[in-house]
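Colleague: Protein chains in written order, with our numbering: chain W, 1 to 581; chain Y, 1001 to 1559.
Worth flagging that the hints you see were computed from the coordinates, not collected in a lab.
Cβ coordinates follow ideal geometry from the N, Cα and C atoms, glycine included.
Do not take every clue at face value.
To be verified - Covered by chain W, per the in silico footprint, the following chain Y stretches (three or more residues, Cβ under 8 Å):
1) 1195-1206
2) 1209-1222
3) 1407-1413
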Amino acid sequence: MADRAPGLVATLSPWFVHLGRRRGRLLTGAALMLLALVAALGLLALSGWFITATALTGLVLASGGAAMLDVYVPGGGIRAFALTRTVARYLERLYNHDTVLRLLADLRGHMFAVLADLDAARLSRRRASDWLNRLTADIDTLDSLFLRLLAPALVALLAILGLSAFLALWAPSVGLATGVMLGLIWCWLTLGQARLGLAASRRRVTELERLRGRVIEHLSGMAELESHGALPEQRRRLDTIEARLRDDQRRLGRLSALGTALAGLTVGLTWVLALWLGAQLWASEALSGPLMVMMPLAVLAMSEALMALPMAFTQFGATQAAAERLNALEASRRPTKTLPDGHLPSAGPLSVDLERIGLRYPGALTATLDDFSLHLAPGERLALCGPSGVGKSSVAALIAGQLVPDSGCVRLGGVDIEHAEGQALRRRLAMLTQGSELFDDSLAANLRLGDPAASDEYLWRLLDDVELGEWARTLPRGLETRVGEGGRRLSGGQARRLALARLMLRDPGLVILDEPFTGLDAGTARRLAERLDAWLADRTVIYLSHRRDDEAMPLPGVTQTLELQARTGRPLCAKARNLSG
Amino acid sequence: MQGQLTPRAWLARLARSERRHLALAVLAGIAAGLLTIAQMATLAWLVSSMLIEGAAPASLMTGFVALVVMVMLRALAQWGQESAGLTASLGVRARARRELLDHLERLGPVGLADHHSASLANRVVDQVEALDGYIARFLPQMRLAVAIPLVILGVVVWLDWLAALFLLLAAPLIPLFMALVGMGAERLNREQFETVSRLSRHFIDRVRGITTLQLFGASAQATRDVHAAAEDYRIRSMRTLRLAFLSSAVLEFFAAVAIAVVAIYVGFGLLGYIRFGPADELTLFSGLLVLLLAPEFFQPLRTLSQHYHDRAAALGAAEGMVALLDEVPPRSDEAPLPCRSDALVELEAVTVSYPERGRVLGPLDLTVRAGEILGVSGPSGVGKSSLLQLMAGFIAPASGRHRAAPDLRVAWMDQRPLLIHGTLADNLRLAAPEADEAALRDALRCVGLGELLEALPEGLGTPLGERGVGLSGGQAHRLALARIFLSPAPLVLLDEPTASLDDDSEVRVLEALSVLVEQGRTLVIASHRPAPLALATRRLSLSREGAGERRESEEVVHG
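Work the whole structure out from these sequences, hints included.
Modeller: What follows is the structure, given as structure tokens:
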């Protein structure tokens, strides 16, 4: 397969490495597959031989001649083949599906670890739902690499070689003809089908994804679309994409049908040829009658091994594209840190020092931060203000170690965070992102992300603190109430308060709060600010806010205010959205 | 879409719409089956002519040529079967998608609020794709699995009725086993379908929140969770599969045993060991042909069982889709009653309630007159958004009356402005497809995006990505507002129009809103921020007192 597209081996080799970890299982699975095929082949071939042999013997006996035929060995063989075929097929399917699902668990876990390693700039670009769906689909596609592509192709090839060799034992010409004909069709069904279907099957994935994106747009923006009367126009765009998708599917379907028909044709012609060649040999008395019958029958049974190939290989482009995308993701992983040698102070408020930071997002015209410095003594509270897109969230992400500056350094408690141990950094720093990210889990599970060991009583107390207690007590399932995907079952204000409560379960030395009271009414915000103030005592705090002084959204205890200015010459189009948005 | 549509009935209706292509697929399949029988008969005849009658291969040239022709015709028939099935499947998928989208549009923004748009998109896109195998392969094969074995049985009866009896004995057991196993497998398959989607949701949910997981130092634990969820899925699946594969194993077993029994019976018969029934009359021709037809007798059934999971997948997918089609829109198809005065909207003792959250608004009396700016305030969760949704016609009142001026058009903007994949101009033209470039530029200038437009090298042709990548939150809001400038709607409903904007952007949005007022539009603004409410000429304050009791107060602002 190496010569089909440059870099194909390079594209797939990381996935072969993944498969390689389960080498034993894969080989066993392929062996079972081969066993089932050999049994099917053997059953038909031996039966044909047996019937012919008995007919010829019967003829001799009937004409009064003396003839001997051992009926028990072939009879036993036929029974053994019949049983083997059934059992091997059942075990093979069960075993291989188990393997595939194990691989799926491996791959999902692996890809999740890769994602968890991505920095904030890369993640922020990869949050859209269609991207997530594609990721899941890509993993599924690669998961079936073994069962759909590798194993059937390998088993078919081995069977072709084995059969040709076996036939060559009795009649070299038949063996050769079979090997050549079936070998050629094998190449066509794998390499040829893959090559012809490559463009369309790659495109199909993109078109499906585009369709998904459009549908999401259509549904999530329905309020605006409907009020503007734009639904029919959007539908027309959807239909265009769908029509394109349908064209590709038709092309691929036809190609796959062609492959099936060609497989049938070639196997048919091969057994006719085997019969013809066998007949010539029989006529010249170089081959017995039963063997002459056995040969086409063995070839006939081969069609079973080839029939699954065309459909799978026509879609090969999808597998290749999926592998490329996942490889690219893996390549954008952060380089692993140099050995951590700095020790963050394990208790008390942390000082924050940003020294001459330069930060430029890939593809941005100008730098987001240029020679930016910031110093904060332990226990101070800074309000970092400025319009959206000015770089507040970037500063926060730098301090949290989610972004690495192009130049300059970030020190917490005097320790360069590049050298700080990751676990300690996470423990000493807490950040409330702009969006309240909740998980599709219970209230309790969402809160316990802050402290896995927190007791129920403590959680209730915290809910009371953020004024959710009363509401939560009215819920039939209390703390076990599920919040829905991304917290959708909660109102924006409830989600915000839950996120605040989750934060307050922790005991950090530095707290970053990005618009802590968005979505809350002024009264609630003021009351919460008081409680938050108490929790923030003896911690260093950075508030991110787009307003300097806001009556309705008080930021308690600010000791320092820094206004980030949109500098002239900066593009008005912010290159990265807020990391949490 | 009347209630109680079953997945089966829906699939059957979809299939009926493509019955001609499906019939073509069946015909081609039958042709392929008949050609197979003919091939086998020719093969047996050739072998018998040579071995028994001693004919030279060269003298049987016609037979060999006929075989080649039949092989070719059979390949053609196979191609025809697959192609016709494909066409039918493409047609059905297009139709299913159309029905779903039509219904989702009827459900409207409020009807869809309980669904995640990604999971709806998954149904509209991927689950519709899951119908493919069922329509293209399973349905035609279901007919073939009856027709072809019957024809073969007929041939075998004519050749040797005892051998036919062996096949017949195995055959009736097969549908029985298949039905038994199929029923169990179907239930399990449904469960598995749910597990698959739950697993995907779990994975996607964790990936979406990965920044938070990083911040809480929980990514290692989450990675283990993801792996564990996949393992759990494996264990559940294997339970399904053990049973699902059993149905094909039963078939395999009968097919294999029947071949073996036929081979041994024919062999012993030819040797003259069997002295009863038709065994005496067995010849190499009839014996070999019976043997060759035995696997073909089971082949259509085996193929059917291979496609059995296509059926289960289609039923599982159909179930999700039918559940959606059965959902009743939270609004009526009828237009609201006409106003009794010249007001734009009149609400009389309306309440809004949701099945799970109970009553969220009202009873409320409200009249919105042309030219006024109504500010709606109140703590979160008090029903501000519901009030706006009611006026927009996204939801019907649970009680009371909703009246609107005849053919009233409304413009809508909320906290999550829509950005479609396309150029800046595409995004603006959603509101006014006919608008010329000058109008688009004007609209952008009105909302303070004139500078942005000038800074963009590609101008109105600048592509905007999904969910506003490339635009800041404030800019996206103003873009949505620019659309309102382009729209002719007299009533503008604004749900928290400045919630996530900085001071500067807020001032600009409010200035733009004043321009809208000067144009003679009527505004309803729901917000808990003072600045937008300060624009109002009249205020409605929704409040909640005690447990669930609501009180509304209205105040007219002068000046």
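Colleague: Apply the coverage criterion to the region 1407-1413 of chain Y and chain W: a residue qualifies when its Cβ sits closer than 8 Å to a Cβ of the chain, and three qualifying residues are needed.
Modeller: holds (count 5)
Colleague: Against chain W, does the region 1195-1206 of chain Y show at least 3 residues with beta-carbon separation below 8 Å?
Modeller: The restraint on the region 1195-1206 of chain Y holds, since 7 of its residues have a Cβ under 8 Å from chain W and three suffice.
Colleague: With a C-beta cutoff of 8 Å, work out whether three or more residues of the region 1209-1222 of chain Y approach chain W closely enough for the coverage to hold.
Modeller: holds (count 13)
Hint compliance for this structure: no hint is broken.
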